[in-house]
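Engineer: Please model the entire structure based on the sequences and the hints provided.
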Amino acid sequence: MPTATRRAPTGASRSPRPGYRCTECGWSASKWVGRCGECQAWGSVVEDGGPGGTAPRTSVTAPTRNPARPIAEIDVEASRARPTGVDELDRVLGGGLVPGAVVLLAGEPGVGKSTLLLDVASRVAQGAGGRPDGVRSSGRVLYVTGEESAGQVRLRAERIGALDPNLLLAAETDLGTVLGHIEQVDPVLLVLDSVQTIASSAVDGTAGGVSQVREVAAALIAAAKERDLPVVLVGHVTKDGSVAGPRTLEHLVDVVCQFEGDRHSRLRLLRATKNRYGPTDEVGCFDLSESGIVGLADPSGL
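Under the numbering used here, think of the first position of the sequence shown as 1, with each following residue one higher.
By construction, these hints were calculated from the structure, which means they are not laboratory data.
Among the hints, erroneous ones may be present.
With beta-carbon atoms standing in for the labels, derived distance ranges [as the list claims (entries may be wrong)]:
(1) Arg-276 with Arg-69: 19 to 27 Å
(2) Lys-31 with Asp-87: 39 to 47 Å
(3) Gly-19 with Ser-265: 42 to 50 Å
(4) Arg-271 with Lys-31: 35 to 43 Å
(5) Glu-73 with Lys-31: 51 to 59 Å
A quick note: this is a predicted structure, and the numbers were derived from the prediction, not measured.
Note that the Cβ used here is the ideal one computed from N, Cα and C, for glycine as well.
Structural biologist: This is how it looks when you write it as structure tokens:
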């Protein structure tokens, strides 16, 4: 008498079907395709978590560096916003830069993001802003450029009067090296221009891709929180005016600012579209000229 063959319950031993993801834009698919259906990039679709993706990370118990304490015992003075010396920027931010905060400054190419931040970096290095208690507080500022050469930034700094011995400049596109500079310099402010030009060797994909931007942002945010280091990241925008890169970038940072302006006008506007530490209804006005950028309390003159 023939014996019946027992079948395993449907789905009981079947392994889950792998998913696929585009390393350039984050588009997902249930099966592999040679060309991304969103950004149309060839060869960018990989198995999620497989080669070309970010390997799953396991959590391990680590020594507690900051033990839990009663909330009433938390020192808030060290977490108050510190003025940058640029009044229009400080007003939009809600008083200045908060220690450990990560700010994303987005805008079209040529709008003046680098000029504004070079001026801010110089003022902070000089101690122009000071502390909330009125005491001047200077320190070394680290300005990392991945967009331009060190010589090009040096020329701009000379043009706008931003040459200060406490302003340190590094032309770098490798995340590990940037983190090494932070460890070595121990700055009071980090400016990174731009987040889309930095790449990590820990993940595959080109600089500016979804996985790279996510990895770079996560590493810099961790460094900012650990050191109480305010960080300003420069970001590009797309044709429709939104921040380029994965939407998770805007969720990860503490503040998102848009720097806007017409190429045929000197007037520049700064708005905060997200601000964990202040308002989002303020608008900062600036005058961009060959000699630099100046805040405008009354823009009617332009």
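Engineer: Would you mind marking each hint as holding or not holding in the structure?
Structural biologist: Each hint tested on the structure:
1. Arg-276 with Arg-69: 19 to 27 Å: The hint (19 to 27 Å, Cβ to Cβ) holds, given that Arg-276 and Arg-69 are roughly 21 Å apart.
2. Lys-31 with Asp-87: 39 to 47 Å: Distance hint for Lys-31, Asp-87 is violated at roughly 55 Å.
3. Gly-19 with Ser-265: 42 to 50 Å: holds, 47 Å
4. Arg-271 with Lys-31: 35 to 43 Å: holds, 42 Å
5. Glu-73 with Lys-31: 51 to 59 Å: holds, 55 Å
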